[in-house]
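Numbering (mature numbering (1 follows the signal peptide of the UniProt record, and there is no 0)), first residue to last: -21 to -1, 1 to 537.
Check before you lean on any hint, since a few could be wrong.
[Claimed, not checked] Mimicking DSS-like on lysine-lysine, the simulated pairs with C-alpha atoms at most 25 Å apart in a straight line are:
1) K226 x K166
2) K455 x K53
3) K237 x K207
4) K262 x K330
5) K417 x K358
6) K207 x K217
7) K385 x K320
8) K56 x K452
9) K392 x K417
10) K108 x K120
11) K297 x K286
12) K343 x K330
13) K343 x K320
14) K138 x K200
15) K120 x K396
16) K393 x K237
17) K173 x K224
18) K481 x K53
19) K200 x K217
20) K297 x K358
21) K417 x K481
22) K173 x K138
23) K452 x K417
24) K286 x K320
25) K396 x K417
26) K127 x K262
27) K452 x K481
28) K452 x K53
29) K392 x K382
30) K200 x K166
Source of the hints: derived by calculation from the structure; they are not laboratory data.
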Amino acid sequence: MKKYTCAILFVTILLNTGAFASSDNLLEFEKANVPVSNSVPKIKDEGIFSLTTIMDSFLNTKKVQENNLDESQKQRKAFVDATKKFNQGNVVVAYDEFENLLEDINSDYALLVFAKSMYEIGFFSIGTKSLEKIRHKEFLKDIIEEIKSCYLPSFVPDKNEEIYLAKAYSSIYFDASAQEMAFDLNKNESLMEKSDYANYILSQAMNESRQYRQALLFINKANTMNPKNLSYINFKIKVLTSLKKYKEALEVIEEVEKNHPNGNIFKNTFMVQKETILANLTKNEQDRKFHLTMKTFLEGNYHKTIKDCENILSFDKKNYKVLTLLALAQFITNDRENAKKNYLASYEINKNYPMTLSGLADVKFCEYDLESAVKFYQKALSQDPNNQTCALKLALIYKNDSKHAKDLKKLEKKLEKMNPEPFLSYYSIAATIASDNKNLKKEYIKLANSINPLYENGWAAFLNFELANNNLKSAKNFLYMISFSNSTNYMYFYLNALYDIKMGNTNSAIVNLRNCLSLKPDFEDANQKLLRLIPSEIKPQDNVQKSMPSEFIDQPVL
């Protein structure tokens, strides 16, 4: 069963059981033609029920619930200690400590996160063992195979080669020894001849040494040896961007979009890169500003998006694209009044911009004016026929209004040709038209997170939901499961800060927010929260060099 169809069917059940109705019953849907009992797929289907069941199993297994605070802290400390050793070049010791830690991890979700972290630093054998330890392999086979496809080299290194290349990675990024490692790797001709990953590492060494043409040469070789590895493709785009070869970089992204339409792990990363590239390619200043702010939005940096849009509009009031993006960011951050005002202002300038039309449809949907919502969604789709998020939102209304039965059939045929795993669309629905309904919002977040459990903005959506609804035990369990993120993951520290703030742990929140900002200085959401806790805090400059979080430094300075 197609996943988008299951999503619609499940929402039908929520609608019919009152889950989607507002508290004052302003919103009424007709009962679906399909009986509820017949619309529930069996657990073995690939639909929303199996996916959300797996999400529940991530969060509610005995293993996680029994994971007391001391044990969670012990495992996090072991992970941090091993990471410190890796960053300091003690790679053999780090390998042993990571391997020992794996024996204590039992949560499937944590095992996925841990495996990705191991693959990112080149400990492929440990990462693969982590994936093999997962219990729900039959349900998680897609994401397991995708992680392997995105990271595993085609040539499997032996233990000594794996340690050698991991040591090279550590030296490049944590010991400022990129040039030395490039020289050393170049001498190892036999390894360079057979190993795609060795060429990838050498490309990174060249890139860090600012020898971009050489970096491109070696990443091309790695990519030729292993063309399906998206981590190689991701790095190639970075190198092409450094060389200002924006047209070539765009061609690579478009090729990925064509040949890897369901590549979920890197999907948002490629979207962010695409906006940067488009900003550099366009000769239209309004479009350039829009692409740069859209990049910020896609990163989940919503308050910076708002600030940047407002700065642009202060001297470019007719930039309807930026007006619409401002409205969307305001809508997501629950500033509905200003969102509506700015959507309407954009609409007055351009009545055919699909993003504005879809935004106005969201506004009408949340105002329970479904007739107007349908008209705006339909017009948006006429301008942008491939807008899957808009199509899914329209399908929800069609599904529960018998007069749109024919329209629904046509729309379903269109949806069948689109991405069967639109997790970003599901997050968009959760953040917009489902945001006022707790049950529906949670189901969409769970569905999206089940498709791509490694999407960091999805982590934020889930944790924010749990904290807002005082599901503190679930929130704490979730933080444990993502605690095996690598040392450069700013989102992990930000989410811990949100939990600390909720629990009144101000000092811990301050440390976590500073750690977050040390990795991503322009993360305005974190900066605003830190300023509320310490009004005198000096905001780091957006272009300041990133630094290692205090947790990964032997003597942290508070």
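Going down the list of hints, with the structure as the test:
{"no.": "1", "hint": "K226 x K166", "result": "33 Å, violated"}
{"no.": "2", "hint": "K455 x K53", "result": "15 Å, holds"}
{"no.": "3", "hint": "K237 x K207", "result": "13 Å, holds"}
{"no.": "4", "hint": "K262 x K330", "result": "24 Å, holds"}
{"no.": "5", "hint": "K417 x K358", "result": "29 Å, violated"}
{"no.": "6", "hint": "K207 x K217", "result": "17 Å, holds"}
{"no.": "7", "hint": "K385 x K320", "result": "34 Å, violated"}
{"no.": "8", "hint": "K56 x K452", "result": "20 Å, holds"}
{"no.": "9", "hint": "K392 x K417", "result": "30 Å, violated"}
{"no.": "10", "hint": "K108 x K120", "result": "15 Å, holds"}
{"no.": "11", "hint": "K297 x K286", "result": "17 Å, holds"}
{"no.": "12", "hint": "K343 x K330", "result": "16 Å, holds"}
{"no.": "13", "hint": "K343 x K320", "result": "13 Å, holds"}
{"no.": "14", "hint": "K138 x K200", "result": "23 Å, holds"}
{"no.": "15", "hint": "K120 x K396", "result": "23 Å, holds"}
{"no.": "16", "hint": "K393 x K237", "result": "18 Å, holds"}
{"no.": "17", "hint": "K173 x K224", "result": "28 Å, violated"}
{"no.": "18", "hint": "K481 x K53", "result": "23 Å, holds"}
{"no.": "19", "hint": "K200 x K217", "result": "16 Å, holds"}
{"no.": "20", "hint": "K297 x K358", "result": "22 Å, holds"}
{"no.": "21", "hint": "K417 x K481", "result": "19 Å, holds"}
{"no.": "22", "hint": "K173 x K138", "result": "15 Å, holds"}
{"no.": "23", "hint": "K452 x K417", "result": "18 Å, holds"}
{"no.": "24", "hint": "K286 x K320", "result": "17 Å, holds"}
{"no.": "25", "hint": "K396 x K417", "result": "30 Å, violated"}
{"no.": "26", "hint": "K127 x K262", "result": "40 Å, violated"}
{"no.": "27", "hint": "K452 x K481", "result": "12 Å, holds"}
{"no.": "28", "hint": "K452 x K53", "result": "18 Å, holds"}
{"no.": "29", "hint": "K392 x K382", "result": "18 Å, holds"}
{"no.": "30", "hint": "K200 x K166", "result": "17 Å, holds"}
The structure fails hints 1, 5, 7, 9, 17, 25 and 26 (numbered hints given earlier, in ascending order).
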